[in-house]
Amino acid sequence: MSKIEVKDLTKIFGSHPSQGMKLLEEGREKSEILKKTGMTVGVNKATFSVEEGEFFVIMGLSGSGKSTLIRLVNRLIEPTSGEILIDGENLTKMNTTDLLNTRRKKLGMVFQNFGLLPHRTILSNVAYGLEIQGVKKEEREAKARKTLEDVGLKGYEDSYPTELSGGMQQRVGIARALTNDADILLMDEAFSALDPIIRKEMQNELISLQSKLGKTILFITHDLDEALKLGDRIAIMKDGAIVQIGSAEHILENPADDYVADFVRDVDRSKILEASHVMKRPEVVMTHKDGHRMAIRKMEEVGASSIFVVGKDDEFKGLLTIDDAIKAYKEDIPLKDILIQDVLSVPPTTPLSELIEIAVDSKYPITVVEDNKLLGIISRVSILSGLVLGKEVENDLETETSEVMSR
Amino acid sequence: MNYFDLPIEDYTNNFVDNWLLPNTAGFFDKISDMLRAFIDMVTSFMLFIPAEVLVILIVIVAWKASGKGLALFALIGGFYIGAVDLWSESIQTVSIVIVSTIISVGIGVPVGILTALNKTADRIVRPILDFMQTLPSFVYLIPAILLFGLGSVPAVIATFVFATPPAVRMTSLGIRQAPEEVIEASKAFGSTKWQLLLKVQLPLAVPTIMAGVNQTMMLSLSMAVIASMIGAPGLGDTVLTGISTVNVGLGLTGGLAIVVLAIILDRITQSIGKKS
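Protein chains in written order, with the working numbering: chain C, 1 to 407; chain B, 408 to 683.
Please keep in mind that the hints were generated in silico from the structure rather than gathered at the bench. Careful: at least some of the hints might be erroneous.
As the list claims (entries may be wrong) - From the derived model, a few chain B residues whose C-beta atoms are all more than 10 Å from chain C: (1) L521; (2) V589; (3) S598; (4) Q602; (5) V607; (6) L611; (7) V613; (8) T648; (9) V655.
What the hints assert, rightly or not - Subject to a maximum C-alpha distance of 20 Å in a straight line, what follows is the list of computed SDA-like cross-link-like pairs (lysine to any residue): (10) K681(B) - T97(C); (11) K136(C) - K526(B); (12) K526(B) - I77(C); (13) K600(B) - D158(C); (14) K336(C) - E354(C); (15) K606(B) - Q133(C); (16) K606(B) - Y160(C); (17) K137(C) - K606(B); (18) K606(B) - H16(C); (19) K146(C) - R104(C); (20) K681(B) - M286(C); (21) K606(B) - K146(C); (22) K526(B) - K146(C); (23) K606(B) - G311(C); (24) K606(B) - E157(C); (25) K606(B) - V135(C); (26) K606(B) - N101(C); (27) K606(B) - R104(C); (28) K600(B) - Y160(C).
Ideal placement from N, C-alpha and C gives every residue a C-beta, glycine not left out.
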C-alpha cells in the first residue's frame, strides 16, 4: 500500500468550480477556461503515489500549481474533485475530527518562510504540535528538546524566531514537523528562502535525516538541481498538471515532452548521471581459458588493440593488449602472467563528475565492477557523450567509441 | 428638490414617545441602575484611596510601563491637579473613562474577532460602525438622556457609541493581519478553530488590539467635555462652567487637567501595547 496516493486531484479557484470542472472534462486548456469563465485551474487531475520511505519531489515553475497541490494533500485547500489516500484512508471523505487527527499524527509540514509563531519561544514553537494534542507540558517539552538537539539547535530553546538566522529558523520548522512523529513530511519550498551555501547544507542534512528516520517526504521545489539531488522520484508540473514522473536519470534521458526537455537542457549532468548510465557492455571479451591465438583473433575481428579478460561468472581478471598477446605467443608465456591488472575500476554508482578526473589519468578504459564482476566499460568518449547528450544518442557514436577505446 | 414629504421628525418622536419609552423604560432603568452602581463603585474606590497613595501608584506604573520621563510627568501632573483643587473632578472623569473603556473593549473586541472571521458579520457591522463614528454626538445625547436620565450613565452610553468603533476595527485588523503561513502552519499541525484563535490569531493581534484600546480610551476622554452637557460630573463640568460664565481661567484650569490625564493614560496604554 502506498503511503500517499493521489488520484485525479483537481482544484479550481473561482465562483463556480463545477462549471470549470466540466470544461476541464471536455479537455479545455487552463488558459481557455480562465478566459471563458475567469476561473483558475490550480491543479489539473494530478495522479501520483508516494511509497513508504520515498523522497518524492514535485518540481515546477511558479504558477504551475505545486504549492496548491501540496496544500491539497493535507486539505489546507479543499479539493474540487479527486481523492487523497493517506495510508489507504480517504482524506477527502473525512470529517473534521478525523482530518485533524490525521494532520496531528501523520502529516508534518515545513513552510518556505518557516511559518513559526513569532510570539513563542523556539521550544514552545517546536512543542506546538503536541500542545494542541493536549500532551502534558513536561512531556512535550522533553520531546521538543530532543528534536531540537537532533537538528543541532541545542541552547536556542528560549530564543525567539526573529533572533535566529533563516537557516536556523528552518531547522526549527523541521524540528517542529518531526516532534509529532508524523511518518510523512510535506515540505513546501522548504529551502527556497535560504542562501545557496546554507541551502546545500540543509539538503545534505535532510538526506541523512531521511535515511536515518525513514520518513516519507513530499518535497516541493522550483529548482531542478534541488529536485534531482533530493528526489528518489520527481514529478514535473506544468499549468497545474503533472507532465512526467520518474527518477532523475529517467527524466534526464527520456524527457516526456519539449517542456521537460527544455527544463533539463542546462542541468549539470555530471552530478546526476552515474557510471552505470554511461557504461557500455564490453564487446570484446575473452575468458581466461581462451588461448593466445583466440585472443589475437578476437582483437583482429573488431580491430581493437586490447581486450578484457574475464573468468567464471564474469569475474574481472584484467586487460590484454595486442602487443603483449603477440609477444607472449612468440615467447610462450601464459596469458595470465601478462594481463594488465592496474586497470582503474569504479563501482556503478560513481557519479560522472568523479569519472572525469579518473579518466584523465587513465591510459585504458575504466571498468565498472561490482562484486568483482565486470559490468561494463567506460571510455572518455562515453563520458563526454553522456555529459552532452545523455545516454540515448550514445549508440550513434559506437564506432567512434571503440576507436578511442582501442587506442 | 422637495418632491416627497418625509416626516422623519414626527415618526421618530412618535416612536420614542408612544412605543420606546412606555415599553422599554423598565429595561433601560435597570441598565441605568447597574451602570450607575458600577461607576459609583469605581469612583468611590478611587476616592477612598488617599490621593498621595494613588499618585505614587500611578507614578510607579508609569515608570514600569514607559520610563522615568513619564513617571516624572505623572508626579508633576499629580501636584498640578492637587494645586488647582480638581482631584475629585479628575477621579470622576477617570471613572467614566475607565467604565466606558471596559464596556467598549468588552463588546468591541469580541465583535472585532467575529468580523475578522466571518464575512457576513463584517458586512453587517461595518456600516453600523461608520454610522456610530460619523453621527454627531449631540444627536445621540438626546435619546441617551430620555432613556438613561441625566448624569454619568448617559455619558458612558454616549461615550460607548463614540469610542467602540476603533476597538472593533483594530481587533479585526489585528487578526486579519496574521501572516498566512503562520495560520497555515497552525492548521497543518491539526489546530482546531478555537486553538487557532486563542493560541495564534489573538496573541499575534495583541499589539494592534492594544492600539485600539488606546484609541478608545482617548476618545472616551475627549467625550468627557461633551458629556458634561448632559450632566456628567468631572473635569468636563469644570470646563463647561468656565465656558458658560466666560471664565477663561477656569476653562484653562480644567482643560489642562484633562490634558494631563490624557497624556498619562495614552503613554501607559501605548507602552503596554508595544511591549506585547
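Hints, verified against the model:
no.: 1; hint: L521; result: holds (20 Å)
no.: 2; hint: V589; result: violated (5 Å)
no.: 3; hint: S598; result: violated (5 Å)
no.: 4; hint: Q602; result: violated (5 Å)
no.: 5; hint: V607; result: violated (6 Å)
no.: 6; hint: L611; result: violated (6 Å)
no.: 7; hint: V613; result: violated (8 Å)
no.: 8; hint: T648; result: holds (48 Å)
no.: 9; hint: V655; result: holds (50 Å)
no.: 10; hint: K681(B) - T97(C); result: violated (38 Å)
no.: 11; hint: K136(C) - K526(B); result: violated (36 Å)
no.: 12; hint: K526(B) - I77(C); result: holds (18 Å)
no.: 13; hint: K600(B) - D158(C); result: violated (27 Å)
no.: 14; hint: K336(C) - E354(C); result: violated (31 Å)
no.: 15; hint: K606(B) - Q133(C); result: holds (13 Å)
no.: 16; hint: K606(B) - Y160(C); result: holds (16 Å)
no.: 17; hint: K137(C) - K606(B); result: holds (15 Å)
no.: 18; hint: K606(B) - H16(C); result: violated (34 Å)
no.: 19; hint: K146(C) - R104(C); result: holds (19 Å)
no.: 20; hint: K681(B) - M286(C); result: violated (84 Å)
no.: 21; hint: K606(B) - K146(C); result: violated (23 Å)
no.: 22; hint: K526(B) - K146(C); result: violated (42 Å)
no.: 23; hint: K606(B) - G311(C); result: violated (71 Å)
no.: 24; hint: K606(B) - E157(C); result: holds (19 Å)
no.: 25; hint: K606(B) - V135(C); result: holds (15 Å)
no.: 26; hint: K606(B) - N101(C); result: holds (18 Å)
no.: 27; hint: K606(B) - R104(C); result: holds (16 Å)
no.: 28; hint: K600(B) - Y160(C); result: violated (25 Å)
Consistency note: the structure conflicts with the earlier hints numbered 2, 3, 4, 5, 6, 7, 10, 11, 13, 14, 18, 20, 21, 22, 23, 28.
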